[in-house]
Amino acid sequence: EPEVTQTPSHQVTQMGQEVILRCVPISNHLYFYWYRQILGQKVEFLVSFYNNEISEKSEIFDDQFSVERPDGSNFTLKIRSTKLEDSAMYFCASSEDQETQYFGPGTRLLVL
Amino acid sequence: GNSVTQMEGPVTLSEEAFLTINCTYTATGYPSLFWYVQYPGEGLQLLLKATKADDKGSNKGFEATYRKETTSFHLEKGSVQVSDSAVYFCALISFQKLVFGTGTRLLVSP
Numbered sequence: 524e525p526e527v528t529q530t531p532s533h534q535v536t537q538m539g540q541e542v543i544l545r546c547v548p549i550s551n552h553l554y555f556y557w558y559r560q561i562l563g564q565k566v567e568f569l570v571s572f573y574n575n576e577i578s579e580k581s582e583i584f585d586d587q588f589s590v591e592r593p594d595g596s597n598f599t600l601k602i603r604s605t606k607l608e609d610s611a612m613y614f615c616a617s618s619e620d621q622e623t624q625y626f627g628p629g630t631r632l633l634v635l
Numbered sequence: 150g151n152s153v154t155q156m157e158g159p160v161t162l163s164e165e166a167f168l169t170i171n172c173t174y175t176a177t178g179y180p181s182l183f184w185y186v187q188y189p190g191e192g193l194q195l196l197l198k199a200t201k202a203d204d205k206g207s208n209k210g211f212e213a214t215y216r217k218e219t220t221s222f223h224l225e226k227g228s229v230q231v232s233d234s235a236v237y238f239c240a241l242i243s244f245q246k247l248v249f250g251t252g253t254r255l256l257v258s259p
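In order, the protein sequence lines correspond to chains A and B.
Every letter in the first sequence is one number past the one before it in this note's numbering, and letter 108, counting from 1, is 631.
Every letter in the second sequence is one number past the one before it in this note's numbering, and letter 38, counting from 1, is 187.
Treat the hints loosely; a few may be bogus.
[Stated by the list, open to error] Computed cross-link-like contacts, DSS-like style, restricted to lysine-lysine with a CA-CA straight-line distance of at most 25 Å:
1. 217(B) - 565(A)
2. 226(B) - 606(A)
3. 198(B) - 209(B)
4. 606(A) - 217(B)
5. 217(B) - 201(B)
Source of the hints: derived by calculation from the structure; they are not laboratory data.
No experiment lies behind these values; they were computed from the predicted model shown.
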């Protein structure tokens, strides 16, 4: 069964450093998403992406965040200058119908 | 705005017990509703969904019925197993994004 994959599974970084989280969506899906889950809190929407453009973003997704589909398979989330409060589990998801979303296993980011 | 409320956990049951995890929602219109499950150390897996009122979603023995009168989507299973121990998230779709509840941890003991 096709699935969403994410790398790395864990990332530790120093405050102020840039990180790139990578995702490979399900191959025939056209809609892509990033969510995050701070420890003990709800899963929160960050951004949705379609046709090489951001289609919606939350207030969390400020100028330090960016997304890109650099080739035909990868979908990345870049955090330019990490802060302590960016420590969370980041989930990538993809969908073929904008509704039913399939999630990857997540990347646990720890900012020190 | 749209929101989802789930019962607080953990829910602790013995194997073969009946499970109910309550979920209610507030939404404009009638969005599709979902249950996702997160097993220890893993990501979110779609468990079931319902797209309109009175629809029943089902998978792996779990069921949930979309009740617009009570704005609810409670998750049920007739006989839980130890392997069902996980965190269960209720969610609705709103303008392309999923809005999640806080999650309910289920612990099933042998």
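Each hint, compared with the structure:
1. 217(B) - 565(A): holds, 24 Å
2. 226(B) - 606(A): Status violated; Cα separation ~42 Å.
3. 198(B) - 209(B): It holds: about 13 Å lies between the C-alpha atoms, which stays within 25 Å.
4. 606(A) - 217(B): Since the Cα atoms of residue 606(A) and residue 217(B) sit roughly 42 Å apart, the hinted pair is violated (cutoff 25 Å).
5. 217(B) - 201(B): holds, 9 Å
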